[in-house]
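Protein chains in written order, with the numbering used here: chain A, 1 to 259; chain B, 1 to 396; chain C, 1 to 311.
Source of the hints: derived by calculation from the structure; they are not laboratory data. Any given hint could be a false lead.
[Claimed, not checked] Below, simulated DSS-like cross-link-like pairs (lysine-lysine); rule was C-alpha separation at most 27 Å, straight line:
1. A/K231 <-> A/K248
2. A/K167 <-> C/K105
3. A/K63 <-> B/K86
4. C/K190 <-> C/K208
5. A/K119 <-> A/K140
6. A/K119 <-> A/K63
7. A/K228 <-> A/K248
8. A/K3 <-> A/K231
9. C/K208 <-> A/K3
10. A/K246 <-> A/K231
11. A/K3 <-> A/K119
12. A/K167 <-> A/K140
13. A/K228 <-> A/K246
14. B/K284 <-> C/K10
15. A/K167 <-> B/K284
16. A/K63 <-> A/K3
17. B/K290 <-> C/K10
18. A/K63 <-> A/K228
19. B/K290 <-> A/K140
20. C/K105 <-> C/K190
21. A/K231 <-> A/K63
22. A/K167 <-> B/K86
23. C/K10 <-> C/K105
24. B/K86 <-> A/K119
25. A/K3 <-> B/K284
26. C/K105 <-> B/K86
Note that the structure is predicted; figures quoted are calculated from it, not measured.
What follows is the residue order along each chain.
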Amino acid sequence: MSKRVDAVDLNVYYGDFLAVEGINMSIDARAVTAFIGPSGCGKTTFLRSLNRMHEVLPGARVKGELLLDGENIYDPGVDPVTVRTQVGMVFQRPNPFPTMSLRENVLAGYKLNGARLSKSESDDIVESALSSANLWAEVKDRLDRPGSGLSGGQQQRLCIARTIAVKPDVILMDEPCSALDPISTLAIEDLIGELQRDYTVIIVTHNMQQAARVSQKTAFFNIAGTGKPGKLIEYDDTTAIFNTPKEKSTEDYVSGRFG
Amino acid sequence: MTQTPTPTSVQSPAGPPQISERTSRRSSLTQNVLPSWLWMALLGAAVVLGAALSALLGFNLATWFIFTAVIYVVSSYIVTRTRVNKRRATDALWMNLIYLAFALAILPLISVIWSVASVGIQGLMAPGFLASDMQGVTGLTDQSSQTEGAPVLGGIRHAMIGSLLITIAATVISVPIGLMTSIYLVEYSRGGPLSRAITFFVDVMTGIPSIVAGLFAGAAMAWFLSVFSGVTGLLSTQRSTLGITAAIALAVLMVPVVVRTTEEILRVVPNELREASYALGVRKWRTILKVVLPTAISGIASGVTLAIARVIGETAPILVTAGFVVNTNWNLFQGWMTALPVYIFRQFQNPTSPNFSDPSEQRAWAAALVLILIVMGLNLFARLIATLFAPKQTGR
Amino acid sequence: MSSSLTQSDKRGVAGDRVFSALTVTAGVIILLTLTFVVLFLAANSRGAVYQEDQGGWIVGAFFDYAYPLVIGTLIASLIALLLAAPVAVGVALYISHYAPPRWSKSIGYVIDLLAAIPSVVYGAWGMSFLGPELIPVYNWLHENLGFIPFFAGDPSQTGRTIFTAGIVLGVMILPIITSVCREIFIQTPKLHEEAALALGATRWEMIKMSVFPFARAGIISGIMLGLGRALGETMAVALVLSPGMLTASLISNGNSTIPAEIALGFPEAPPGSERQAQLIAIGLVLFVITLLVNMTARWIVNRHKEFSGAN
Chain A
1 MSKRVDAVDL
11 NVYYGDFLAV
21 EGINMSIDAR
31 AVTAFIGPSG
41 CGKTTFLRSL
51 NRMHEVLPGA
61 RVKGELLLDG
71 ENIYDPGVDP
81 VTVRTQVGMV
91 FQRPNPFPTM
101 SLRENVLAGY
111 KLNGARLSKS
121 ESDDIVESAL
131 SSANLWAEVK
141 DRLDRPGSGL
151 SGGQQQRLCI
161 ARTIAVKPDV
171 ILMDEPCSAL
181 DPISTLAIED
191 LIGELQRDYT
201 VIIVTHNMQQ
211 AARVSQKTAF
221 FNIAGTGKPG
231 KLIEYDDTTA
241 IFNTPKEKST
251 EDYVSGRFG
Chain B
1 MTQTPTPTSV
11 QSPAGPPQIS
21 ERTSRRSSLT
31 QNVLPSWLWM
41 ALLGAAVVLG
51 AALSALLGFN
61 LATWFIFTAV
71 IYVVSSYIVT
81 RTRVNKRRAT
91 DALWMNLIYL
101 AFALAILPLI
111 SVIWSVASVG
121 IQGLMAPGFL
131 ASDMQGVTGL
141 TDQSSQTEGA
151 PVLGGIRHAM
161 IGSLLITIAA
171 TVISVPIGLM
181 TSIYLVEYSR
191 GGPLSRAITF
201 FVDVMTGIPS
211 IVAGLFAGAA
221 MAWFLSVFSG
231 VTGLLSTQRS
241 TLGITAAIAL
251 AVLMVPVVVR
261 TTEEILRVVP
271 NELREASYAL
281 GVRKWRTILK
291 VVLPTAISGI
301 ASGVTLAIAR
311 VIGETAPILV
321 TAGFVVNTNW
331 NLFQGWMTAL
341 PVYIFRQFQN
351 PTSPNFSDPS
361 EQRAWAAALV
371 LILIVMGLNL
381 FARLIATLFA
391 PKQTGR
Chain C
1 MSSSLTQSDK
11 RGVAGDRVFS
21 ALTVTAGVII
31 LLTLTFVVLF
41 LAANSRGAVY
51 QEDQGGWIVG
61 AFFDYAYPLV
71 IGTLIASLIA
81 LLLAAPVAVG
91 VALYISHYAP
101 PRWSKSIGYV
111 IDLLAAIPSV
121 VYGAWGMSFL
131 GPELIPVYNW
141 LHENLGFIPF
151 FAGDPSQTGR
161 TIFTAGIVLG
171 VMILPIITSV
181 CREIFIQTPK
191 LHEEAALALG
201 ATRWEMIKMS
211 VFPFARAGII
221 SGIMLGLGRA
231 LGETMAVALV
241 LSPGMLTASL
251 ISNGNSTIPA
261 EIALGFPEAP
271 PGSERQAQLI
281 AIGLVLFVIT
291 LLVNMTARWI
301 VNRHKEFSGA
311 N
């Protein structure tokens with residue numbers, strides 16, 4: 001179920017502005033990869049280009065190749081919608097659909113696409129997705145209540161459940177804990193550790209301790225100055241990045257000397 | 001403000017502080033405040049004086065109000081000016097003028113409602129007012145009502161049915177167009193020339209005088225019928241004065257309102273919800289239909305209701321497109337049709353019995369009361385759905 | 001779902017295309033409708049300026065017919081504006097800065113009720129209540145200020161004059177101007193207001209210093225929108241005024257406005273006649289006038305947007 005991701009000479013543009021330049025990296029399946037770097041260095045932009053979500057913004061485009069188990073997702077024949085069913089995404093702020101109940105939120109990926117599910121099928125999906133998101137025990141008695149009634153951390157786990165309910169191969173997480181309190185953050189980090197057994201997980205974070213805690217590999221992005229494109233500076237095992245970085249700027253960043 | 005008061009900052013807009021006044025006996029903090037009983041006393045004096053002056057001219061409410069207002073405003077200015085200072089006096093003067101403006105705005109509202117209700121309630125109570133139309137009501141029946149005290153006959157059934165049909169048809173025409181246009185503007189257009197043209201011309205459309213919309217609908221329908229009958233030979237005797245023509249005229253007036261309100265509502269639907277849906281592999285049109293619209297539905301419904309409330313009171317475009325009849329017409333596509341506002345207008349302008357117009361006026365005021373109640377009911381309803389069914393924001 | 005990336009469901013793709021095409025179509029329909037409005041009005045106005053049996057072009061005759069109506073429309077609207085604008089700004093200030101905060105929302109609703117009353121009801125009110133009430137005022141104005149041309153001429157004995165019509169129009173546009181101004185006044189940055197108050201300004205000085213400069217464009221555009229409404233308002237004038245020739249006197253019977261002329265004349269005009277063409281032609285004139293007013297209002301708003309700090 002899990003797929004590897006390879007970027008080959010990938011450039012991301014907003015109109016004429018080159019936001020991310022020359023990314024070459026291989027992301028392992030069934031592992032957690034963390035993207036770190038100062039604000040505006042292009043890590044979120046790169047993350048969003050992994051499931052073609054950046055195309056939602058006007059003028060955004062990509063040059064180069066992005067291979068999902070060897071298949072280029074930017075091939076002209078590829079439908080971005082199909083890409084997104086295989087590469088799911090969790091956002092910075094929890095965003096359950098306010099008009100739907102908890103249960104409908106988990107099933108959103110099916111229901112919004114007009115799929116017809118039998119009662120037992122949908123019950124199974126809801127239970128297994130919520131269980132994988134460590135949320136089942138907390139909400140199983142109130143599945144028909146609106147999703148906005150949950151706490152922030154529960155909402156974020158609901159969003160993760162919603163993402164894994166459609167059985168993607170890769171899960172992208174864009175600073176999933178930045179809007180949460182420490183206890184909820186811990187719950188999400190535990191969950192990420194469990195998800196890696198079945199999925200390729202890629203997480204953008206500003207929190208270096210978090211990157212060190214949850215990821216096997218870490219990529220450090222940096223930017224030379226405003227208006228310049230973001231670049232991948234160093235990509236290695238997480239322990240190597242935090243203990244024996246090869247680049248000076250990586251060392252400066254992880255030791256807190258700038259950024 | 002954390003600013004420390006330097007000499008310049010105290011002085012600049014407000015003028016130098018009046019040091020000499022500090023020497024007065026009262027505390028320096030309360031010296032500028034006049035006791036509140038003073039204003040009551042002034043107002044009382046103004047009311048009495050105003051009544052007296054008004055009585056000199058032959059007493060009536062309007063002159064009493066005017067004299068009282070003038071005396072109070074002027075005297076309180078003079079008092080503050082002499083007892084405190086010029087700045088406070090100016091402040092008080094403008095405050096009084098602003099309160100006065102508010103009172104002036106409320107007066108016509110009360111007066112209109114009084115005019116309508118005082119005759120209208122009686123007319124509304126007349127037997128069969130809501131259940132009958134004007135068929136068989138002639139000058140003679142009205143004459144006997146006015147001179148012999150016979151009950152006022154006739155009612156607004158036909159006009160209410162006409163208004164209902166025409167408004168529903170206008171809504172059916174304008175809501176899909178308006179809604180789809182605002183979806184285009186918010187979800188699809190990326191600031192291109194087409195979207196800028198639409199935004200501009202929707203603004204233009206907002207300003208179309210309602211009578212011009214009526215003229216357009218009439219001319220368009222006449223043209224359509226002549227072309228259609230020229231091609232098929234059918235309908236050559238059909239006149240363009242139809243309920244549906246009025247509905248088109250009202251639709252022209254409704255579309256810009258619907259576009260503007262739904263556009264505003266759609267723009268405040270959080271982008272996060274769209275992205276969440278796209279990230280689940282949901283297509284754009286399904287995202288719009290199943291995520292964006294349901295989230296915005298209460299706002300859209302209230303906007304549409306307000307648009308209906310706006311056009312249901314329109315008279316002129318219906319008068320020139322649908323005409324007026326005395327009997328009930330259920331068919332939008334055949335024959336003339338009366339709407340409630342047109343009924344009111346005709347009953348005032350051309351009373352059923354020109355020499356005995358009281359029954360006509362009673363019917364008109366009662367119809368006006370019904371129309372006001374409908375419009376206010378729609379407005380309240382719109383506010384209700386906007387507040388009651390607004391979805392909870394995503395938690396943060 | 002480990003399907004190939006190139007596969008996608010055909011119906012979904014078609015759905016996207018159809019839906020976006022529908023939305024574009026709706027937008028285009030609006031543009032076409034406006035084009036048709038202008039085209040139809042222009043085509044049907046032809047008879048007003050060109051008649052075979054009267055020797056071709058009769059632009060002069062149409063001008064003679066139209067200009068008193070245009071002037072009458074402008075006079076009525078200007079009276080409405082002069083009366084309504086100061087009161088409306090005052091009411092908006094009352095709601096935003098003077099009324100007790102707990103009540104200001106309800107007071108706003110009450111003013112909105114003024115906008116909820118249909119124009120035909122205002123017309124009836126002006127005709128049967130306000131007009132007769134104003135007869136003594138007109139008599140007094142005529143006796144004491146008769147040397148001013150506005151108050152010369154025989155005062156109307158029904159009160160159904162252009163001045164009464166102007167007052168009714170003023171009441172009708174009051175809520176429009178008020179609601180635009182109120183929105184803007186409420187948006188005045190609190191920081192500016194508090195800065196003024198902290199300097200020891202009185203409430204009025206604070207309004208003069210921070211609210212008015214911020215809201216100037218909004219006030220003007222609100223007034224222009226009100227003017228646009230007054231120009232196009234039909235029924236109130238048609239009921240209040242007993243129309244007649246153009247006169248300078250505001251308190252005599254006489255004068256008429258374009259919308260009232262159309263509303264009173266159109267149902268009686270035979271289809272295809274010169275009379276109907278004439279009425280449609282002045283409708284077009286009215287359309288152009290309101291268009292200019294509204295465009296000016298938008299232009300002012302857009303020009304001041306950058307400076308107002310509202311964004």
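To see whether the hints hold, each was checked on the structure:
no. : hint              : verdict
1   : A/K231 <-> A/K248 : holds, 15 Å
2   : A/K167 <-> C/K105 : violated, 50 Å
3   : A/K63 <-> B/K86   : violated, 71 Å
4   : C/K190 <-> C/K208 : holds, 14 Å
5   : A/K119 <-> A/K140 : holds, 16 Å
6   : A/K119 <-> A/K63  : violated, 44 Å
7   : A/K228 <-> A/K248 : holds, 19 Å
8   : A/K3 <-> A/K231   : holds, 24 Å
9   : C/K208 <-> A/K3   : violated, 66 Å
10  : A/K246 <-> A/K231 : holds, 16 Å
11  : A/K3 <-> A/K119   : violated, 30 Å
12  : A/K167 <-> A/K140 : holds, 21 Å
13  : A/K228 <-> A/K246 : holds, 23 Å
14  : B/K284 <-> C/K10  : holds, 14 Å
15  : A/K167 <-> B/K284 : holds, 20 Å
16  : A/K63 <-> A/K3    : holds, 22 Å
17  : B/K290 <-> C/K10  : holds, 19 Å
18  : A/K63 <-> A/K228  : holds, 17 Å
19  : B/K290 <-> A/K140 : holds, 25 Å
20  : C/K105 <-> C/K190 : holds, 18 Å
21  : A/K231 <-> A/K63  : holds, 15 Å
22  : A/K167 <-> B/K86  : violated, 76 Å
23  : C/K10 <-> C/K105  : violated, 52 Å
24  : B/K86 <-> A/K119  : violated, 79 Å
25  : A/K3 <-> B/K284   : holds, 26 Å
26  : C/K105 <-> B/K86  : violated, 33 Å
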